[in-house]
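Chain by chain, the residues run as shown.
Protein chains: 2
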Amino acid sequence: MDVAGQQEDCLLPLQGFLSPLQNPRGSQGPGVWGRFPLASGRSWRAGAGLCARSAAAEVGGDLGVPRVTGRALSALPRSRTSHRRPASPAQPRRSHGQVQGSSAPVDVLGCSAGLFPGRISGWLSKPLKETATSVGPHQNVRGELLSEMKAENIKSFLRSFTALPHLAGTEQNLLLAKKIQTQWKEFGLDSADLVHYDVLLSYPNMTNANYISVMDEHGIEIFKTSYLEPPPEGYENVTNIVPPYNAFSPQGVPEGELVYVNYARTEDFFKLEREMNISCTGKIVIARYGKIFRGNKVKNAMLAGAIGIILYSDPADYSAPGVQPYPKGWNLPGTTAQRGNVLNLNGAGDPLTPGYPAKEYTFRLDVEDGVGIPQIPVHPIGYNDAEVLLRYLGGAAPPDASWKGSLDVDYNIGPGFTGHGSFRKVKMHVHNINKITRIYDVIGTIRGSVEPDRYVILGGHRDAWVFGGIDPTSGAAGLQEVVQSFGKLMSRGWRPRRTIIFASWDAEEFGLLGSTEWAEENVKTLQERGVAYINADSSIEGNYTLRVDCTPLLFQLVYKLTKEISSPDDGFESKSLYESWLEKDPSPENKTLPRISKLGSGSDFEAYFQRLGIASGRARYTKNRKTDTYSSYPMYHTIYETFELVEKFYDPTFSKQLAVAQLRGALVYELADSQIIPFNVQDYAKALQNYATSIYNLAKKHDQELRDHGVSFDALFSAVRNFSEAASDFHRRLAGVDLNNPTAVRIVNDQLMLLERAFIDPLGLPGRPFYRHIIFAPSSHNKYAGESFPGIFDAMFDIENKADPRSAWAEVKKQISIATFTIQAAAGTLKELL
Amino acid sequence: MDVAGQQEDCLLPLQGFLSPLQNPRGSQGPGVWGRFPLASGRSWRAGAGLCARSAAAEVGGDLGVPRVTGRALSALPRSRTSHRRPASPAQPRRSHGQVQGSSAPVDVLGCSAGLFPGRISGWLSKPLKETATSVGPHQNVRGELLSEMKAENIKSFLRSFTALPHLAGTEQNLLLAKKIQTQWKEFGLDSADLVHYDVLLSYPNMTNANYISVMDEHGIEIFKTSYLEPPPEGYENVTNIVPPYNAFSPQGVPEGELVYVNYARTEDFFKLEREMNISCTGKIVIARYGKIFRGNKVKNAMLAGAIGIILYSDPADYSAPGVQPYPKGWNLPGTTAQRGNVLNLNGAGDPLTPGYPAKEYTFRLDVEDGVGIPQIPVHPIGYNDAEVLLRYLGGAAPPDASWKGSLDVDYNIGPGFTGHGSFRKVKMHVHNINKITRIYDVIGTIRGSVEPDRYVILGGHRDAWVFGGIDPTSGAAGLQEVVQSFGKLMSRGWRPRRTIIFASWDAEEFGLLGSTEWAEENVKTLQERGVAYINADSSIEGNYTLRVDCTPLLFQLVYKLTKEISSPDDGFESKSLYESWLEKDPSPENKTLPRISKLGSGSDFEAYFQRLGIASGRARYTKNRKTDTYSSYPMYHTIYETFELVEKFYDPTFSKQLAVAQLRGALVYELADSQIIPFNVQDYAKALQNYATSIYNLAKKHDQELRDHGVSFDALFSAVRNFSEAASDFHRRLAGVDLNNPTAVRIVNDQLMLLERAFIDPLGLPGRPFYRHIIFAPSSHNKYAGESFPGIFDAMFDIENKADPRSAWAEVKKQISIATFTIQAAAGTLKELL
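As they're listed, the protein sequences go chains H and G.
No gaps in the numbering here: position 623 of the first sequence is 623 in the UniProt record's numbering, and each next residue is one more.
No gaps in the numbering here: position 768 of the second sequence is 768 in the UniProt record's numbering, and each next residue is one more.
Hints are supplied without guarantee of correctness; some may be wrong.
Put simply, identical chains are the same to the list, so a pair is met inside one copy or across any two.
[What the hints assert, rightly or not] As a list, the in silico EDC-like pairs of lysine to aspartate or glutamate whose alpha-carbon atoms are at most 20 Å apart: (1) 813 x 369; (2) 814 x 368; (3) 814 x 369; (4) 831 x 193; (5) 814 x 798.
What the hints contain is simulated information worked out from the structure, not anything from laboratory work.
One chain only, chain H, in its complex shape (with noise of 0.2 Å):
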C-alpha cells in the first residue's frame, strides 16, 4: 500500500531513525554486500568466488579425516567383494574372533577406546542375557562400536566441514558432498553415490539487496535495515556467504502500516482478531521468531490478510541472562538475523514436483502453483534494526506480559506509528530469485549379510545456511565419525544381518528437499523394505541432558542403549546417559523414566516417518526446559554458528556430539543386526491409550455438543484395546518364536518392521495429502511441534467458532471414524493370519 505524499509532517521525523546506508551498532550496509559473489547463471556455482585453495582442500590433499589410531586405513579390505554368505540360520553366529575376511587379530575390548575409558562402560561388564531380540555376540559388536568413536574425531569433522559455507545448490556444499563420499569408500561402505535432484531452491538477488525501510510521508526512506552481519573473528575472509534472508519470500515492495502480532501464532492473531478487534488486512506485520515454524507465521499472517511480514528475534527469545553476545558468549547480538525457509510444504519436498522425485524427466508446476510457497514478503531482521521498527509504534498496548519481549520499547501493537511519526509507513523491498537448481545427496550402504533387503537409514543434512556450526555439523560430523567406526567393524569382517543406508541429504534448509525427493525416487523399495530411520541433523542444540523423539516402538530400545552409554555430563561422571537425561528431564506422565516426544517435523526423518510410516526418532542435546526460556539456541541459522561456538560454549570436550553419535550409531546398529527387530509394540498401545485419553479429555470440555451431534470417542478406545490386546498376544507369540527357523523370524519381523506402516492413510490428512500418518503429524499451528490424532484435533481445533456446528462436527465423528479404523487395522496386521 503506498500512501507516501497524501500529507505533509517532515519535522522531527522518529527519534532515533538513522539517515540511508547508516545502521545502528555496526551491521554493515550494501558495501559489503558486494562480497557475496551469487554466480551469474543457474546458480551460485563455480565462478570468482569459490578460491582455488578452498577447492583443493574439499577433494583432496588434507581431507580432514581424522587419523586413524591403531589402524591404518589402507588395511581395510574393501568389502564390496567380501560379502560373506549368510551363515546358516541354525547355527550360532561366529565368535568375534572366527569372523572371514580379517586377518588380524581382534581387539574384542576395544583398546582404541583411550577417551573416555572409565566412562564407556555397561556393554563391557555386562552379562550376556539371551532373548529373543538379542543373541550371539551381539553385544560384544555393539560394545566394539561405541568404543570405535571418539570425541576427537567428531572435533575433527567439525573443525573440517565447517571452515567453508555449505549453502545447498553451492559448488562448496557439493566439494563437501565429494569429499564425504571420498571418505566414506575409504571408511569401507560397501558403496557411497552421490544423487542429484534438480529442486526449486531460492536465493537474494546479488544485485538488489534485500531490506525493510520507513518512509516518510514524501516518499523518502528515513531508515533502511542492515543487510548483512559482521562476520565472526577469522572469518573475515570468506566469501560466499548468504545475507541473512527467508527462503521462497515472494519478490515485493510492500508498503504500509505496521502491526506487531507477537509470535505470529494462530492464538495471536485470534487475540488482535476476536479480543482487540485489530485487523491486519492491509497491513505489514511484524513479529518475533519463535515458539512455532516460522513458515505457520507466515501463513497466519496471509490468512489475517496482511501484506508482507517481518520477522526478527527478541531478545526475550534468543539471550540467556547474564551471557554476553558473541564472541565473549552465545547470546545472540543485535546485528544478526535469523535465516530460514518460510514455506508451508506439508511434507511435499521440492515445491515444483509434489510427490515425485525432482528428476530430469520430472513435469514440474508452474512457480505461481509450487506448494507451499507463500504469496507476500517476508524478511528478517535483527532486533538493533526491529528496535528501531517497534520503538515508535502506536496503537493499542500489548494485551499482557506474554506479548512484551525484552527491547526497551512499549510492544504497542500499531497499526502504524505513533505521534509524529504517524504517517510514515514501512516498506519491504524483497527481491528473492527462486532457481531450480541441483542439489547432491551422498548415499552410502553397508549390504545386510542375511537379509539384504531390509534397510536402516541414519540420515542427516549437510547443506548450511553459513557455516553451519551446530545445524548441521555438529550431527554432520557425528554421522561421519558412526560412518568411521561402522567401517572399521567391517575392516574386521562383520557385516550387519541387515543393510544399512547411510545418507547426507541436501536442501534441508529449503524444506527438508535432499531427503524428500529420495525418499520419493524411492518410495516402492522403502514402503516394502524400510526397517526404520534414524535421523542426524544437528547433535546439540543446549548442553544440558538428552532430548529424544522417537516412535512409540523405539522408547525401549533407547531406555536400553542410553544405559549402556555413559553420561558426558558434569556430576554424572559414572554414571549412564539414561541416569543423567532421567534425573534431569523425567517424563511428565511417569516420573520413573526419562521424557520421549512425539515426532513433529523440521527435520530429514519428515518424508520417512509423516508420508511412509517407517519406525523413526531422533536424538539430540537439549537445553534445561525448565530453566532456559529461550527458543532454540540464540545463534541458531546466523553467521555465528561456527566451530568456536560450539567448541568454547556447548561442548569443549566434544563429549556431548559424542554421547549422542553413540545413541545414533548404537541404534542402528540394534536395528540393523538384532535377528528379531527390537521394537516395542505394547508401548504403542500404551501410547495409543494416553493420546486417545488426551484427545478425548480435549473433547469433552465441548460435552453439550457431543450429546448434541452424536459424537462418541466409544469405537476409539475400543480399537484402542483391541490393538492393546493384540499387541500382547503378538509379543507372547514373538517370545515363542523357533529362532532357528528363518521364514518364522522373517514372518515376525515383517509384521514389526511394516507396524508402523499401518498407521498410513494413501489419502492423507485433510488437505496435507503428503502427511499420512493418522496417529502423528506435525502440528497444523507448527511444524516443529508433533501432534497426536491431528486428524481429530484439527477438526475439534476452534470448533465453537465454525460457521456450520453440524457440518464441523460430522467432520469431528468422520475423523474419529478414520482414527479408529487405521487402529483397527493396524492391530490386525498383528494377528498371524487374517
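Given chain H, put chain G in place with the hints provided.
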C-alpha cells in the same frame, strides 16, 4: 420438463400406442407387481415372502452338497487342529505317499477322476521338470486337485444355488451365505466366517412401481411400460423377484421430449452434439444397452444435460440370428429388461464410506454426497416397450447404419415424436429407495504351512439379480467345487505353502460392494501379504472358447496350466484347453499365443488389482468374438437366467464350467504352493513396451502439437528399457537362487509379490482416487474395458477439442512423467539392494 397442454392435437395418437395398463406381447402389468413382497422395514429380509420350505432347504436338511465319491466327508480330519510344522526347508518336499495325517493310502493316479478319464492328461504323463518354480511332487498334487473336480458336482451346486433369488441384502442371500459357510466347514477349511458390512443399496419402491409413460397433450398417460417379466416355466410361484430397475437411480418423474442416443457412448454424444448439432439438454434420452458399462451411459447423458435416461436391450445387441427367444432358445424375449446398477463409483465401494469399510463405527456421507450416484432418473425396459417409444421418433434420421438396431423402426434421433404425436412427451416414473443394508461375505481359509502370512485369494460373488443362473452362480458353483476339492486334498494331510482365502462376495451387483469393503477392512494386511487374487464370477458368458484377462505376471502360468487341462470343446476331444483356445482365439499381436486381455473392471477383482496392486486374473468361457455380434449373453441380468438356461443351452455337460473351475483352482494351487511364486516379470516388460508403443502411436497423430508443446515420450521408453533390463537381471538371479535358503527364497518371493504393488500410486489417477494402478485402469469411457497408461490416455483423449491447449498438453506431460517414474520405481524393486 412439462409442456403438456401447450397445443391441442388429440386425434390419432401415435399409432400402436396402447392404453394404460395394457402391454404388448404379453408382458405383465402392475397386477403382478403385488407378488414382489418388499418387506416394509429396513430391507426385504424375513417376512412372508420367504416360505418355511425354502428356509429349511437353505440351512439344513438337504444342503445341496454333491455326493462325494470314494471318501466320506465325515472322515475328513479337522484341519484346524492339525497344522503341520513346516518341513525343514533344506529337505526335499515329502513325496505324495508320505504325507502326514492321512491314514488312507493315497490315490496318486486320481482314480476318482471318472468324469473325463481320457481327457485330464498332461500332468499325469509329463515328466517332472525341476525348475526354480516347481519342485518336488508339486505337479502330482495339482493333478490330484484337478481330477477331484467334477462337472456333475458343479451342476449340483448350480441347481441348488439357483433355486431361489439371492438379491443382496435379502434374507435369502444371507441364508445362502450360511449354507456356503456350512459347506466350507464340512469340506474341511480351517475357518469359514461371515463378515458383514452395512452398505447403501437401492431397491424399487414396493408400493410405487417404476415405469415409463407417454403423456398426451392433456397430461393423460396413453402408454405405460410393463413392470414385470413373465416368470419362466417352473418358477411361477417363486416370490421375492425384484422387477427390472436400475439400482441407485434417484427418484424422479421427469417429463420431456425423447432423444435416441444410440449406445450413449462418448462418441455417440460427440456425433449428436458436434456433427448433428442436436442438444440433449432438458431431454429424456433413450439408449440401447451394450458396448459399454451402463453407468458410463448415464454419466454421459448427465454430462449432455439430459433430465432422464431410458435403457433398453435392442434385439440387434441381445439376439443371435436363427435363435429363438427363451424358453425355446437363448435369445432375449421382448418382455424382459436388463437390471443393473448405474453408479460411477470408480472403485470407491460403498458410496457412503469411500476408502473405509462400512462398519458400525464408520462415518457415512449423506446420500446426496454419496460417491457416483447419478443425478438423473434411469430405468430399463424391454424391446417390446422400447419399440413403442422409438417408433414415432421424429427429428433427424440416424447418421449411419451403426445407429440402427433391429427393431422395425427408423431409429430417428428426435427430439420428440413426429407428426400428430409431436406434442406428446415421455415421462419417467422412478421411485427407487436407497437403504443402508447389511450384506454378508463368506470368508474361508486354508492356513499356509510355511508362509501363513502370504495370501492367495479366490473370490466370486454370490448375490444375483434374480436366480443368477449364469451371473454369478455358474462361477459360485465352480468355486464351491474348487473349495470341496481343496478340502479333499487337506483330508489327506496336504496343506499349501501359503494361505488360501476363499471368498463368496455379497452385493457385487450393487457396485462390487462386498469385495471392496472387505478389501478396505483388510487393506493393511492385503497390501503386506497379498500374493494374488483370482476372480470367480460367472464361468460362462458363452460356450465357444476360453477368455482370460490378467496381469502380465500371470501369462506364462495361464499358458502352462491351460496346457494341463483338457479342452471341453467339441472337436478337441484329445486336446488341451490351450490348444482349442489358441486355435479359436489367437492373440492379435502374436498368433502363436492365445489372446489374453487387460483387466478392466465390472467384477470383484477391481479393488484388489486397480486399488491395491495385487496381481489378479479372471477366466471364463465366452462367445465367438468374430461371429457372435450380440453384446454379452442375451439373458444377462433378467429373470430368465436360470439353471435351465445353462443346462439346456450353454453347457449341458457342465464341461466348460468344469474347465473354467479347474483353471481357477489350478491357478490358486500354483500360486499358493509353488516354492517360488510363478510370476513372469519379463512378460510385464514386454507388455509395458507394447503399451508404450500404443500410446505413442496415438500421440503421434498430433505430431505438430507434440513438438509445439515439447511433449516427449523418450523418458517413458527409457524407463521401459530400464524395467526390461531389471526384469532380465531379476530372472537371472531367480534362476540361481539357493532354494535351500529360506530367507533367500522369501526375498525373491517378496519382490515377485510386490512388483504389481509398485505400479500403485497412492495419489490415484486424476479424478479417480481409488483407481491407483498407473499401468491399467478401467476405461473412463467404459468401466468394463481395461485401458493401459490410463493417465496419459485420458489426458490425450479429445485433446484437439480442449479449451486450453497449453494446459491440456501440460497434463499430458505430467502423466507421461508419472508413468515414467512409476515404471522406473517398479524396476528399482527388482534390484537386490537399492
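Here is what the structure says about each hint:
1. 813 x 369: So residue 813 and residue 369 pass the 20 Å test across copies only (16 Å; inside, 32 Å).
2. 814 x 368: between (33 Å within a copy, 16 Å between copies)
3. 814 x 369: The answer is between: 14 Å across copies meets 20 Å, while 30 Å in one copy does not.
4. 831 x 193: Between copies only: 16 Å across, 39 Å inside.
5. 814 x 798: So residue 814 and residue 798 pass the 20 Å test inside one copy only (17 Å; across, 38 Å).
The earlier numbered hints are all upheld by this structure, with none contradicted.
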